[in-house]
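Visitor: The listed protein sequences correspond, in order, to chains A and B. By our numbering, the letter at position 36 of the first sequence is numbered 36, and the numbering carries on one by one without gaps. By our numbering, the letter at position 106 of the second sequence is numbered 106, and the numbering carries on one by one without gaps.
No lab work stands behind these hints: they were computed from the structure. One thing to keep in mind: the hints can contain errors.
Listed next, the in silico PhoX-like pairs over lysine-lysine satisfying Cα-Cα at most 20 Å (straight line) [as the list claims (entries may be wrong)]:
#1 K41(A) with K106(A)
#2 K97(B) with K56(A)
#3 K106(A) with K40(A)
#4 K70(B) with K53(B)
#5 K67(A) with K57(A)
#6 K53(B) with K3(A)
#7 K56(A) with K41(A)
#8 K37(A) with K57(A)
#9 K41(A) with K11(B)
#10 K3(A) with K67(A)
#11 K40(A) with K70(B)
#12 K68(A) with K56(A)
#13 K106(A) with K37(A)
#14 K106(A) with K3(A)
#15 K57(A) with K97(B)
Beyond 12 Å from chain A on every Cβ pair, some chain B residues (computed) [as the list claims (entries may be wrong)]:
#16 T13
#17 G16
#18 T17
#19 E79
#20 S94
#21 S96
Built from N, CA and C at the ideal position, the CB exists for glycine as well.
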Amino acid sequence: EDKVVQSPLSLVVHEGDTVTLNCSYEVTNFRSLLWYKQEKKAPTFLFMLTSSGIEKKSGRLSSILDKKELFSILNITATQTGDSAVYLCAVNMNSGGSNYKLTFGKGTLLTVNP
Amino acid sequence: DAGITQSPRHKVTETGTPVTLRCHQTENHRYMYWYRQDPGHGLRLIHYSYGVKDTDKGEVSDGYSVSRSKTEDFLLTLESATSSQTSVYFCAISESKGFVFFGPGTRLTVL
Chain A
1 EDKVVQSPLS
11 LVVHEGDTVT
21 LNCSYEVTNF
31 RSLLWYKQEK
41 KAPTFLFMLT
51 SSGIEKKSGR
61 LSSILDKKEL
71 FSILNITATQ
81 TGDSAVYLCA
91 VNMNSGGSNY
101 KLTFGKGTLL
111 TVNP
Chain B
1 DAGITQSPRH
11 KVTETGTPVT
21 LRCHQTENHR
31 YMYWYRQDPG
41 HGLRLIHYSY
51 GVKDTDKGEV
61 SDGYSVSRSK
71 TEDFLLTLES
81 ATSSQTSVYF
91 CAISESKGFV
101 FFGPGTRLTV
111 L
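Bound conformation, chain A alone (with noise of 0.2 Å):
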């Protein structure tokens, strides 16, 4: 059965300090891993990977993909308010063609702290 876990379920930080959010996943035919934002409304999408090794930035929030230990972690740097959400990391399968059916984790909720 394909699956996809993150850690820690939930996360209290202090603003500018660092996390690391955790992805790792179980899938047959992998194509690429996913990581949105959810605050009070729809994902918003971070980043997309689909090579291990590559990382890919976007101000203080990046992230890096290991195909072989099939695992990809998000860090956020210096953490403000604002990061608090739900992050949630999502697997696409290569199931032919360019369906992009997304297997989900259940999130890791980050609450940053003033």
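Use these hints to put chain B onto chain A, whose structure you have.
Guide: The following block gives chain B in isolation, referenced to the frame of chain A:
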């Protein structure tokens, strides 16, 4: 933001009532998806479409049907709503490079 709208945004209905949720996109993307999000379960795929009149089931399709008569519209129907279908429903679209974008969501309550 990707050009995705969902309607209605909120709905309260009674058990046994038929309900249709609409997803509309302006991006002309081929693939469209319906997910539901529930505490403890995360986001789960209900149905998806890979073209006009081409649809297939996801992991939680029981009790749901879909239709896609135009590229821009993807409808999700609950033929006879049950309380277990109380959820937040998200539509998503994707293009050939693999980026998947979500609509604003519909909060459905079945009493």
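Visitor: Take the hints in turn and mark each one as holding or not.
Guide: Here's how the hints hold up against the structure:
no.: 1; hint: K41(A) with K106(A); in the structure: holds (16 Å)
no.: 2; hint: K97(B) with K56(A); in the structure: holds (16 Å)
no.: 3; hint: K106(A) with K40(A); in the structure: holds (15 Å)
no.: 4; hint: K70(B) with K53(B); in the structure: holds (8 Å)
no.: 5; hint: K67(A) with K57(A); in the structure: holds (18 Å)
no.: 6; hint: K53(B) with K3(A); in the structure: violated (30 Å)
no.: 7; hint: K56(A) with K41(A); in the structure: violated (24 Å)
no.: 8; hint: K37(A) with K57(A); in the structure: holds (15 Å)
no.: 9; hint: K41(A) with K11(B); in the structure: holds (16 Å)
no.: 10; hint: K3(A) with K67(A); in the structure: holds (15 Å)
no.: 11; hint: K40(A) with K70(B); in the structure: violated (30 Å)
no.: 12; hint: K68(A) with K56(A); in the structure: holds (18 Å)
no.: 13; hint: K106(A) with K37(A); in the structure: holds (12 Å)
no.: 14; hint: K106(A) with K3(A); in the structure: holds (10 Å)
no.: 15; hint: K57(A) with K97(B); in the structure: holds (19 Å)
no.: 16; hint: T13; in the structure: holds (22 Å)
no.: 17; hint: G16; in the structure: holds (29 Å)
no.: 18; hint: T17; in the structure: holds (25 Å)
no.: 19; hint: E79; in the structure: holds (23 Å)
no.: 20; hint: S94; in the structure: violated (4 Å)
no.: 21; hint: S96; in the structure: violated (5 Å)
The structure shown violates the earlier hints numbered 6, 7, 11, 20, 21.
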